[in-house]
Amino acid sequence: MARLRPYLLGILGLAAITFPFLWLQLQPDFTNNTITVGWAPTHGLQFFDDLLPVFVVALLIWIANRANRHWHWDAALTRNATWQKAGGIWESWWAWIAMPLVLCGPFLFSASTLGLFTNVGIYMLLALGLNITVGMTGLLVLGYAGFFAFGAYFFALGQQSISFFPWWLAAPLAFPLGGLVGYLLGLPCLRLRGDYLAIVTLGFAEAFRETIRNLDFTGGDQGVIIKTYALFRPILKINGGEMSYVFTALILFLAVFLVQRLYHSPVGRAWMAIRENEVAAASVGVPVVQMKLLAFSLSAAIAAVAGVLSGAKDGFVSPAMCEFQQSIMVLAMVILGGLGNSYGAMLGAALLYLVPEYLKRVSMLQDNATFTAVVPSFLRDSLAHLADYRLLLFGAVMVLMMLYRPQGLLGSRRRKTEILNK
Amino acid sequence: MFLQHFIHDGNDMSSGSTLTEIIIGGVSRGAMYALVALGYTMVYGVLGMINFAHGEIFMIGMFSCVFAIGLFSSMWGAHVALNLGLGMVVAMIFSAAYGYANERIAYRRLRKAHVLAPLTSAIGISTFLQYFIFLTVSRDSVNFPRYYSDWLTNNHVHFAGVDVTYLQLTILGLTLVIMTGLYYLINHTRLGIALRATAQDQLMASLVGIPVNKVIAFTFILGSALAAVAGVMFSMYNNVLVFDAGYRVGLKAFTAAILGGIGNVPGAVLGAMIIGLTEALTTLSFGSEWNDVTTFGVLMLVLLLRPRGLLGERVADKV
Numbered sequence: 055m056a057r058l059r060p061y062l063l064g065i066l067g068l069a070a071i072t073f074p075f076l077w078l079q080l081q082p083d084f085t086n087n088t089i090t091v092g093w094a095p096t097h098g099l100q101f102f103d104d105l106l107p108v109f110v111v112a113l114l115i116w117i118a119n120r121a122n123r124h125w126h127w128d129a130a131l132t133r134n135a136t137w138q139k140a141g142g143i144w145e146s147w148w149a150w151i152a153m154p155l156v157l158c159g160p161f162l163f164s165a166s167t168l169g170l171f172t173n174v175g176i177y178m179l180l181a182l183g184l185n186i187t188v189g190m191t192g193l194l195v196l197g198y199a200g201f202f203a204f205g206a207y208f209f210a211l212g213q214q215s216i217s218f219f220p221w222w223l224a225a226p227l228a229f230p231l232g233g234l235v236g237y238l239l240g241l242p243c244l245r246l247r248g249d250y251l252a253i254v255t256l257g258f259a260e261a262f263r264e265t266i267r268n269l270d271f272t273g274g275d276q277g278v279i280i281k282t283y284a285l286f287r288p289i290l291k292i293n294g295g296e297m298s299y300v301f302t303a304l305i306l307f308l309a310v311f312l313v314q315r316l317y318h319s320p321v322g323r324a325w326m327a328i329r330e331n332e333v334a335a336a337s338v339g340v341p342v343v344q345m346k347l348l349a350f351s352l353s354a355a356i357a358a359v360a361g362v363l364s365g366a367k368d369g370f371v372s373p374a375m376c377e378f379q380q381s382i383m384v385l386a387m388v389i390l391g392g393l394g395n396s397y398g399a400m401l402g403a404a405l406l407y408l409v410p411e412y413l414k415r416v417s418m419l420q421d422n423a424t425f426t427a428v429v430p431s432f433l434r435d436s437l438a439h440l441a442d443y444r445l446l447l448f449g450a451v452m453v454l455m456m457l458y459r460p461q462g463l464l465g466s467r468r469r470k471t472e473i474l475n476k
Numbered sequence: 023m024f025l026q027h028f029i030h031d032g033n034d035m036s037s038g039s040t041l042t043e044i045i046i047g048g049v050s051r052g053a054m055y056a057l058v059a060l061g062y063t064m065v066y067g068v069l070g071m072i073n074f075a076h077g078e079i080f081m082i083g084m085f086s087c088v089f090a091i092g093l094f095s096s097m098w099g100a101h102v103a104l105n106l107g108l109g110m111v112v113a114m115i116f117s118a119a120y121g122y123a124n125e126r127i128a129y130r131r132l133r134k135a136h137v138l139a140p141l142t143s144a145i146g147i148s149t150f151l152q153y154f155i156f157l158t159v160s161r162d163s164v165n166f167p168r169y170y171s172d173w174l175t176n177n178h179v180h181f182a183g184v185d186v187t188y189l190q191l192t193i194l195g196l197t198l199v200i201m202t203g204l205y206y207l208i209n210h211t212r213l214g215i216a217l218r219a220t221a222q223d224q225l226m227a228s229l230v231g232i233p234v235n236k237v238i239a240f241t242f243i244l245g246s247a248l249a250a251v252a253g254v255m256f257s258m259y260n261n262v263l264v265f266d267a268g269y270r271v272g273l274k275a276f277t278a279a280i281l282g283g284i285g286n287v288p289g290a291v292l293g294a295m296i297i298g299l300t301e302a303l304t305t306l307s308f309g310s311e312w313n314d315v316t317t318f319g320v321l322m323l324v325l326l327l328r329p330r331g332l333l334g335e336r337v338a339d340k341v
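Taken in order, these protein sequences are the chains called A and B.
For the first sequence, the numbering used here assigns the number 55 to the initial residue and increments by one for each residue that follows.
For the second sequence, the numbering used here assigns the number 23 to the initial residue and increments by one for each residue that follows.
A couple of the hints might just be wrong.
Stretch-level coverage of chain B by chain A, calculated; a stretch enters the list once three of its residues show a Cβ under 8 Å from a Cβ in chain A [what the hints assert, rightly or not]:
no., stretch
1, 115 to 123
2, 134 to 140
3, 202 to 214
Keep in mind that the hints were calculated from the coordinates and are not lab data.
All of these numbers come straight from a predicted model, not from anything done at the bench.
Backbone N, C-alpha and C fix where the C-beta goes; we use that ideal spot for every residue, glycine too.
Model the full assembly from the supplied sequences, consistent with the hints where possible.
Written as structure tokens, this is what we have:
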């Protein structure tokens with residue numbers, strides 16, 4: 055009992071401070087311009103009911119963790135993984151098997167699934183890019199979507215001013231340009247402590263969004279329509295959706311290759327040193343500012359390319375692309391997947407994009423016979439509503455990950471083998 | 023063209039506003055930002071971390087005040103001064119409780135972790151609280167009950183040919199009182215000494231018998247209560263409450279804290295005034311929709327020219 059007391063007190067306290075928001079409802083009185091508050095228990099019950107599947111999953115994870123204390127079922131995963139120490143380009147042998155499989159996608163999936171996977175690819179690219187700064191170098195970036203939107207708008211506005219400006223011209227140009235923007239933005243704040251970068255990028259994304267919303271030639275809130283070009287289509291005999299899927303996949307492979315090579319180079323080692331201890335890194339001769347700038351510019355450049363791809367895929371760009379929620383979502387992907395591990399970040403991207411998307415689809419499954427047979431009735435509605443709760447859950451996941459598993463699902467394996475095991 | 027923006031900005035300025043009135047509007051905005059910026063700067067001063075969830079504490083203050091006003095008016099009718107005053111107290115208590123819970127849950131265990139960890143966890147708390155209010159209270163904006171704010175916003179004081187609303191006077195007066203109190207607290211009380219000692223060196227402070235955990239919790243509680251005051255004032259000033267208001271104001275207040283030199287209390291106030299005035303002048307010359315852009319410009323300029331802020335000192339990083 056005495057052991058449980060702080061927890062009970064904590065739960066009581068939390069119940070008290072969330073009480074009005076959960077169990078009361080504001081009733082504005084528009085005639086007198088006053089307000090009253092009414093008792094609305096269904097309101098709070100609905101909230102907990104919708105979150106029921108989450109509690110179930112959390113309970114399962116907790117049980118698995120308890121069990122792991124005695125049986126160590128994940129020992130094989132966490133054991134000192136020397137077999138994977140920097141093995142050249144064959145290091146990720148499974149990537150060479152995955153590549154042709156992924157490129158077969160157009161033959162395997164329907165058009166809508168393919169569109170979904172193209173988006174996953176774009177988010178993977180974003181997570182990969184953000185992971186360079188956040189995971190490998192240990193600098194927080196909060197306005198990453200700003201660079202994403204920058205790439206997209208560069209593409210869109212380029213098309214407006216130049217008559218022939220297809221995505222495959224825009225993407226290679228967006229890479230250095232995005233990098234340049236990142237460099238200029240990083241220059242004043244990377245000389246300082248890491249925290250400043252977070253707020254400056256956040257401010258940048260906000261300022262960029264406001265600018266494109268207010269200027270006339272950027273189309274305001276509606277955004278800009280992009281003409282998708284069909285140059286390769288007659289040669290390859292594939293439609294627009296398939297084309298954007300294939301090229302997103304190819305660019306993703308290229309980016310993974312580039313990032314992994316850099317990570318295993320002296321540059322990657324320098325990034326890691328900065329993450330572990332900036333002062334110590336500087337004292338052994340790591341050019342800290344240049345390395346941080348390089349990491350950040352590379353992130354920005356990758357985001358800009360992802361922006362071009364997204365614009366080419368959707369056929370339009372809008373200020374919603376650099377909303378704060380977007381940045382947070384990508385950050386949550388990196389943190390959930392694994393800070394400092396490119397594959398982890400990509401896994402996080404796939405999970406955090408696909409799970410809410412499929413949850414949205416669950417609402418359409420309500421009268422599907424197998425679905426109703428497999429899933430108990432009290433979970434069905436909750437699953438359908440859960441997509442609304444995704445940002446709430448992202449927030450909770452970020453806190454819980456930091457408290458209980460700061461390295462993410464797949465942490466940096468190199469960090470584990472080279473630093474923690476010594 | 024200018025008139026349009028003035029109307030959008032609620033009671034920031036009326037149609038016949040002079041430059042002086044616009045500046046007063048900017049200063050009262052700055053005063054509200056200052057109250058929020060103090061929370062950022064105090065936590066940074068003591069813990070060396072950025073409490074990104076502070077904006078959400080401000081937002082919680084806004085909403086709990088309206089809830090309290092609603093509750094009291096259903097309990098004993100609409101007494102303006104009583105309900106508003108009690109609403110403010112309830113808002114401060116709630117914000118303080120959220121600030122404490124935030125520190126207890128998301129930061130305390132991460133105090134010795136890598137810099138990124140508490141920062142990320144703060145972002146998590148911030149997102150969580152925003153969407154908690156979004157899901158449980160309202161997805162759209164809620165209007166502050168005008169019945170309670172009308173007396174403050176519609177009455178003016180004519181002073182040297184300038185119109186100042188009662189609300190602006192209240193904001194300025196309250197901010198002044200709070201600043202004085204805070205100055206006294208930090209420099210002339212035992213608690214203030216404990217606070218400064220903890221900020222300098224937590225280990226040494228604990229060795230001489232200062233309850234470091236309690237002092238840190240107190241910092242969060244104090245900052246959160248100040249944010250609640252700002253929140254209530256802000257919701258009356260703009261007549262609107264939104265779930266992401268805290269994020270927007272928090273960004274401004276944080277910029278203000280950096281501008282003045284983060285960790286520096288008078289600096290935060292100075293920075294907030296500059297941000298408030300920048301906004302007022304931007305509204306005058308370009309329109310309020312450019313506020314974020316100019317604020318960001320000011321931030322970049324300061325980081326380029328005086329990276330430690332206007333009043334900040336250069337401190338070596340600790341290993």
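Results for each hint:
1. Counting residues of the stretch 115 to 123 of chain B whose C-beta lies closer than 8 Å to any C-beta of chain A gives 4; at least three are required, and the coverage claim holds.
2. For the stretch 134 to 140 of chain B, the assignment as covered by chain A holds, since 6 residues bring a beta-carbon within under 8 Å of that chain's beta-carbons and 3 suffice.
3. Coverage of the stretch 202 to 214 of chain B by chain A is violated [criterion: at least 3 residues with CB-CB distance below 8 Å; count 0].
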